[in-house]
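Model the full assembly from the supplied sequences, consistent with the hints where possible.
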Amino acid sequence: MTSETLIWLIPLPPLLAFFLIVLFTNRNKALSHWLALIAAGLSWLAGMIVFFKAVNTEGLSEHPFAQSIPWLPTGNTSLKIGIQIDPLSTVVLFFVAWTVLMIFIYSVGYHNFGQPAGKHDRKGLPPEGAEIKDKEGKIVHVPSIEPMYSRFFALISLFAFAMFLLVITDNLLTLYVGWEIMGLCSYLLIGFWYAKESARKAMIKAFLTTRVGDVFMLLGLAALYSLTGTLNYQEILGNPAVLEQLAGALSPVLGLSWAALIGILIFIGTVGKSAQFPLHIWLPDAMEGPTPVSAMIHAATMVSAGVYLVIRFFPLLSAGWEPGGVVTTPMLVMGIIGAFTALFAATIAVAQNDVKRVLAYSTISQLGYMIAALGVGAYAAAAFHLVTHAFFKALLFLGSGSIIHGMEHGVLHTGEHIDPQNMLNMGGLRKKMPVTFWTFLIGGLALSGFPLVTAGFWSKDEILSGAFTGGNMGVFIALALAALLTAFYTARQITLTFLGQPRTKAAEHAHESKWTMTLPLVVLSVFAVGAGWSGIPADFPGLGGLIPNWFEEFVGSMLHFEPAEAVHSLVPLFTSLAVALGGLALGWVVYRRLSERVDPLEKPLGGIYTVLKNKYYMDEFYQATVIRPANWVANVFTYKFLDQTIIDGVLHAIARFGVWLGNGLRNIIDLPLVNGAGDTAAATTRGVGMFLRSKQSGRIQQYMVIAISLLVLAGLVIYFTVGIS
Amino acid sequence: MSGLQIVFLIVAVVTLFSGVMVVASRKMMHSALWLILTLLGVAILFATLQAGFFAIVQVLVYIGAISILIIFTLMLTRRVMDDEHPQVIKGWWLPAVMAVILFGLIAGFLATWEDFQVMLNELPADAENLAAFGSALVNPAGYVIPFEVASVLLLAALVGAIYIAVERKEKVG
Amino acid sequence: MIPLSWYLIAAAALFCIGLFGVLSRKNAVSILMSVELMLNAVNINLLAFWHYHTQLQGAGQITPQVFVAMVFIVAAAEVAVGLALIISAYRRRETPVVDEMTLLKG
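Chains as they are written, first to last, in numbering that gives the first Met the number 0: chain P, 0 to 724; chain S, 0 to 172; chain L, 0 to 105.
A couple of the hints might just be wrong.
[As the list claims (entries may be wrong)] Restricting the straight-line Cα-Cα distance to at most 30 Å, the calculated cross-link-like pairs of lysine-lysine (DSS-like) are:
| id | chain 1 | residue 1 | chain 2 | residue 2 |
| --- | --- | --- | --- | --- |
| 1 | L | K25 | S | K89 |
| 2 | L | K25 | S | K26 |
| 3 | P | K122 | P | K513 |
| 4 | P | K504 | P | K132 |
| 5 | P | K513 | P | K132 |
| 6 | P | K430 | P | K122 |
No wet-lab data here; the hints were simulated from the structure.
Encoded structure:
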């Protein structure tokens, strides 16, 4: 089988699994998860074969694996769909295949496969636990299996399909298709426990917020298609003539060039999907879904897709930019938004107590890093951080799921009414859950950029040095501060969760999760460490050059210009060392001896803490400025004013006028004059009045008559004024 | 006026008249029978256009399948088919006016087109070229995707129709 | 040797008759029949233009034929689903009658 054929086949198994589960195996839980697992495994296998073939191919960026077929004839041209694997999609495919497979395996354990069904479990709610009799005949509470187990695997398979599709495609059209399927799946999975009010709200919020970005992105795609006549990557991004032309042509908006305008529009799509400020609000709420979904959204798929898109479009975004020169408008926007988001989200994460929410804000912050890296032109560094982040964030999310699981077990066992996700209720889990602890520690250290051993250090260091050599001090300082905060809240999280003494009874009775959950943790933690070694900069003191900087060579070959020779400086290196170690130490010191269930920073920080805890009141801000006005307009203006007052009023007025006219005719003309003829006229006008009044009937035909009438009216106007020839 | 034109005029008048009867007759069954006549007229119009294949398909699909389906439905739902009262809504004259004006508009717009009065000459016998049509339907460079989508649509309609119309046991019991 | 205009006018007339039926008939089956009239009018148009273009540009005008075939397919699908809906709705309304019958029997 040729590589091309194999690439076509990568996304298909999960899609097939989705249909099979939905149509046939919905009732059989074991069969459903086996289908999904086998599908993910097949995709993983195909992905790995393609990965190794791609890595061993010389000049992959000039001659990527590509193939396309015409799909939809439109007039003289036809929209094509196709596949393309170049260095960038190769590395993305690598981490997507691994994380997806691990998340699938993890889901089996997370949804308590093999446990009895709970008596009170309902569809649409998290399982509450079941009562069984143990050997001595005592009734014990154990976790119960998810009631909608098959549905979960069906949806998550579809999700995986969309992500694979997005990665292997060679054009924006299919990318957009995958993008939107993921939007749908995230909606369905965030609201997986749809009987919970908060989950319903979160799903709508996620869908609508990302939609705002998607609409702008669609505008960008439409503009791109109408200007270039193609949506293929190679024909747009691999073609300097097209890029030059786009960068030179002036668009009608704000004096931007077309390249800049399209770049910004596409970037807004990423802002929505990758949860950048100001559209970041959906991501923390997405925690309402089951934890594997959070890992899926935050590491393997959704948010990575957004960053992948801008990395993919970097040649367009940077059209007209020379390394070391003045950055283009989209890059400037990306630098500012990315750096701001990185810092902004990191500060919020410091004051969150929910173990998943901390990770959610940390995701936003890390995505800000990648965006900011692109903003300063550190192309390979952004891609590198995307890969390493995917691994350690998937690890952290799955780890947090394992923690929650252990805590829930404790809660079930003790019957204590506490929030199993609140870190203040934990403590001392290190001894209870050793595997989770060590893997979580590795993930946490990678996230905070613990020097030399973890992947996060290398990618973050590269971004920082990119920002430093790019000469953008504002971005550099913001990112360095964010890195300090990242290390701080990671240390806080690990200390609160695993170290010290248990602060609740439930935490005392927590215990390690099953192997289906811990195995993915172990695998991912290998990558959280090892993925970094593929990208050690050649000029790094001591270690540089021991292992070739494969990643930068491989992915960097995507760009047509040579990246500027990095002016080597030790400042970013020492900065990243200092912030990582300093933050970690600080976090450990502050939270080391916590015994009360109160954050020790709450008092000294006072008002600032409250602001952070409430996420800078962003939700309230949107509530006040967008949602409430929209509701108001819908209710007061459209419904009460437009519908009830104007439209009804006009109709009633016409009706009344008709009646009045009828009466008038009757009284003034008919009765005194010709009675019979007058009566008929009055009856007719009254009929008209009654007829118009009956327009508000809700009958579809009458609405159609109105629509056709307007069409006819418009036709008449055109016919008598403009004509067509 | 040639013979073909006379044939056309007769067929067109019959078709349109029966079309009017379809929407105007009070009894549903009469409507359906008039519909068959209309469809037959349309088939003859296709034939005068030298689209023999579609004329046959028209007879097979529309008259052979669709009208029969409609008549079956009429017979199955006889009891709720209230044939006594008027079959049109109360304010029927407004749609009538709209339809007439719309017809005038279409004719008016068409009349401004320079080729409007062009004569349709007799085509060579192989003009319909069914082989090319057939291979275009299964050619990836042609219309294979619309064709496949249409097949899926038909399948979905089939499944959907069965699902909707199937008699559920619990409803009966 | 028939002018193109005749076909177009006839098709327009048939379309408007169908439109009137859709807008004014009460019965769902009648509406469906009227929709069929409209679809047929469109097909006449498509084939008339197919003839016209074949005459101008020679044989091999595939697109209009494909469209006509699509209209056929869509019409068939629509009728199948529409009639199934009607039967299903009919059955709902029939329920009281069924009740009556059991009452008489008992």
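Structure-based check of all given hints:
For the hint pairing L/K25 with S/K89, the CA-to-CA distance comes to about 10 Å; that is within 30 Å, so the pair holds. A C-alpha spacing of about 12 Å is found between L/K25 and S/K26, which places the hinted pair at or below 30 Å, so the restraint holds. For the given pair, P/K122 sits about 24 Å from P/K513 by alpha-carbon distance, which is consistent with the 30 Å threshold. For the proposed pair P/K504 and P/K132, the alpha carbon gap of about 22 Å is at most 30 Å, so the pair holds.
Distance check on the hinted pair: P/K513 and P/K132 sit about 20 Å apart at the alpha-carbon level, within 30 Å; holds. This hinted pair does not check out: P/K430 and P/K122 have alpha carbons roughly 35 Å apart, beyond 30 Å.
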